[in-house]
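Protein chains in written order, with this note's numbering: chain V, 1 to 237; chain L, 1 to 254.
What the hints contain is simulated information worked out from the structure, not anything from laboratory work. All clues given are correct.
With a straight-line Cα cutoff of 27 angstroms, these simulated DSSO-like cross-link-like pairs (lysine-lysine) come out: (1) Lys102(V) x Lys147(V); (2) Lys164(L) x Lys240(L); (3) Lys86(V) x Lys195(V); (4) Lys176(L) x Lys227(V); (5) Lys227(L) x Lys217(L); (6) Lys59(V) x Lys102(V); (7) Lys151(V) x Lys114(V); (8) Lys86(V) x Lys147(V); (9) Lys176(L) x Lys238(L); (10) Lys217(L) x Lys240(L); (11) Lys59(V) x Lys96(L); (12) Lys102(V) x Lys86(V); (13) Lys114(V) x Lys96(L); (14) Lys164(L) x Lys227(V); (15) Lys206(V) x Lys164(L); (16) Lys59(V) x Lys206(V); (17) Lys9(L) x Lys227(V); (18) Lys9(L) x Lys176(L).
Residue strings, one per chain:
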Amino acid sequence: MEIERRLREMKALLAEKRASSMEELWLHFRELYHLCEELYAQASIDFLTGLYNRRFFEKELDLCVERAQRERCVFSLILIDLDYFKTINDRYGHLVGDEVLKGVGNIIRESIRKIDIPARYGGEEFAIILPGTTFEGAFSAAFRLQKSLQKHNFGDEKDPIKITASMGVGTYRPLNGISAQEFLSEIDALLYQAKMMGRNLIMPQKDGFSQSKELEEVSLEERQALKGVWTHDDKHN
Amino acid sequence: MMISITSGKGGVGKTSFALNLALALSPAYRVLLVDADLGLANVDVMLSLAPTVTVRHVLLEGRSIREAVINSGYGFDILPAASGVVELAQPDSEMKGTLELGLRELAEEEYDLLIFDTGAGISPIVLWFNCLADFNLVIYTPEPTSITDAYALIKVLSRDYGQKNFFLLANQASEKEGEQYFSHLNRVIGHYLGLNPYYLGAIPRDGEVEKSIRLQKPLLARKRESKAAQAILLVAEKLKPFLPGEEPLVATKY
Chain V
1 MEIERRLREM KALLAEKRAS SMEELWLHFR ELYHLCEELY AQASIDFLTG
51 LYNRRFFEKE LDLCVERAQR ERCVFSLILI DLDYFKTIND RYGHLVGDEV
101 LKGVGNIIRE SIRKIDIPAR YGGEEFAIIL PGTTFEGAFS AAFRLQKSLQ
151 KHNFGDEKDP IKITASMGVG TYRPLNGISA QEFLSEIDAL LYQAKMMGRN
201 LIMPQKDGFS QSKELEEVSL EERQALKGVW THDDKHN
Chain L
1 MMISITSGKG GVGKTSFALN LALALSPAYR VLLVDADLGL ANVDVMLSLA
51 PTVTVRHVLL EGRSIREAVI NSGYGFDILP AASGVVELAQ PDSEMKGTLE
101 LGLRELAEEE YDLLIFDTGA GISPIVLWFN CLADFNLVIY TPEPTSITDA
151 YALIKVLSRD YGQKNFFLLA NQASEKEGEQ YFSHLNRVIG HYLGLNPYYL
201 GAIPRDGEVE KSIRLQKPLL ARKRESKAAQ AILLVAEKLK PFLPGEEPLV
251 ATKY
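Pulled out of the complex, with its shape left as it was, chain L reads as follows:
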């Protein structure tokens, strides 16, 4: 199964959340975190890793995708992106074909879950990763720009690309804020797009999150008892019914 973590707007906490979600779900689930911002690597930086083989070698030099997969040291695996490789910002259809084949193979043979940490914006490669995923987890913060971008992304993905299974997650928001924002946003999405996204909850503002980023160590590995970490664990619990091995559920039912 594949889930994309996406947002439209940048800087809302995609990579940080993706990392901690991967940590929360492993080792109960075999998780591969894919750094889907192919030309501008983030995930390995967040973990202070220095991979020698990246997606660059897979797409431009014909190495096998398995060679690029590394252990994060936290129970899940990573497919690292390249840093500053312009050719990978908009891969051509041949590269996309290679990537899709490789990712599908990994999803079928080695992992229960692939998490795509997408780049910001709605560039073709961001849309491509979202379309490849079974579920699109859209993160927003309680700001007008972030909410508008999240809505625009959901609109493009649903109307232009037929994506239907959306999760919504409020970041840097209190539980109450998150619920209020969701209930209103959900009404707009229902009215104009005819969709019923599934709400995963809110992750509160927490100084520990930023500290973790600076220390290049995932929050869940550092301060599992912190507010944000507890909220992320709760989100992971809410996601579990959708993961393989559990009773299958369809997000649009909610």
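Bound-form chain V, shown alone:
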């Protein structure tokens, strides 16, 4: 409502061609730009990359947790932070930095499925929700993304700009019963560890691999143990 009103005012102003100076015109343009930004935010899209924005991501994460608990299903989350992004901004300026972010957005979009939910979570932080995906699936998606990022040249031939990312990957299991916020903190802590351990790393959730494997089937060892149930004789009792 507020935005609509301000847009109408702006339209009226521009129609009257009342801007008395370049400066005033400039102010109008800035106002228009901010209005566009706000509109995008409300439409849940990140203005720069075209991915979902943080607000939409957080809402969606809440929904995923609720759905997982209700339908007893899992989903996975990848958090991504670009390594040494500040140096790119410092060295090439913010416009180039923005281009890099846009490029990363495109690479993320290309390396995921249609059902996944990619978002720009913060300045140089991205997140992907992978519905109905077990840990292995999420880890291989993160791995694909890592490779694509490493291969890509964000600059030109004369002055190549390379970028890497640190990631945290984990799966939400309804058994744990944790909230969306707790799950997000858990994966964020993994991302932090990946940074601490030298960057350009994917940090998997503890027990991620072993849990998803064991959950799927009864292991050979268990089968052997079960065998005793029907091959026992009386000396056992």
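Fit chain L to the known structure of chain V by using the hints.
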């Protein structure tokens, strides 16, 4: 309160037991037997009933769940499933929501106990019913396939879905066989899954059980003095401390 009767493997006697358990507990308790194999009805067939409104009308045509409930003629009520309705084999989340709401309402307002007679296997809807229940009663027969499936089901339910309260029941087994199997199975479950299921006993092989199924009349209504019927009555007694109205007990304590 809600209990699921489940097994992993099919053909181990779930429906027959569920029916007779419902009979054994009523009318002392107000019992609703839910045919949880939603798309392939069994319970009404076992009782030779022909319900006109089933869970199909509730989930696909918006009828109220109370309309579908019928009297079994043996002191307990039944929520009948549909016969051969593919859409109900894997209901979507909206249907599950409707069903959960309806079942919880019935459990709170009308019945002391809801018994879910689940389908075989570990399909999502089987897991869903087990998760909805407060207790999972797992039936097995003394065969390798049945025991492995029972174990696999308990494993999935406990590790993936946080279910903790399991009852074990041996079917088509002598008292001694049942105890031997349980003591060994219990060790494996304790060692690998860290659980302590509660043993409800064994129901012996008894020709009267099959005869009852053919005659479409519950064993307890036909031959209460038969071996199997007596064993089922004993199981019902063992369950009573867990039912509302008695001192509350938690299965994991055993």
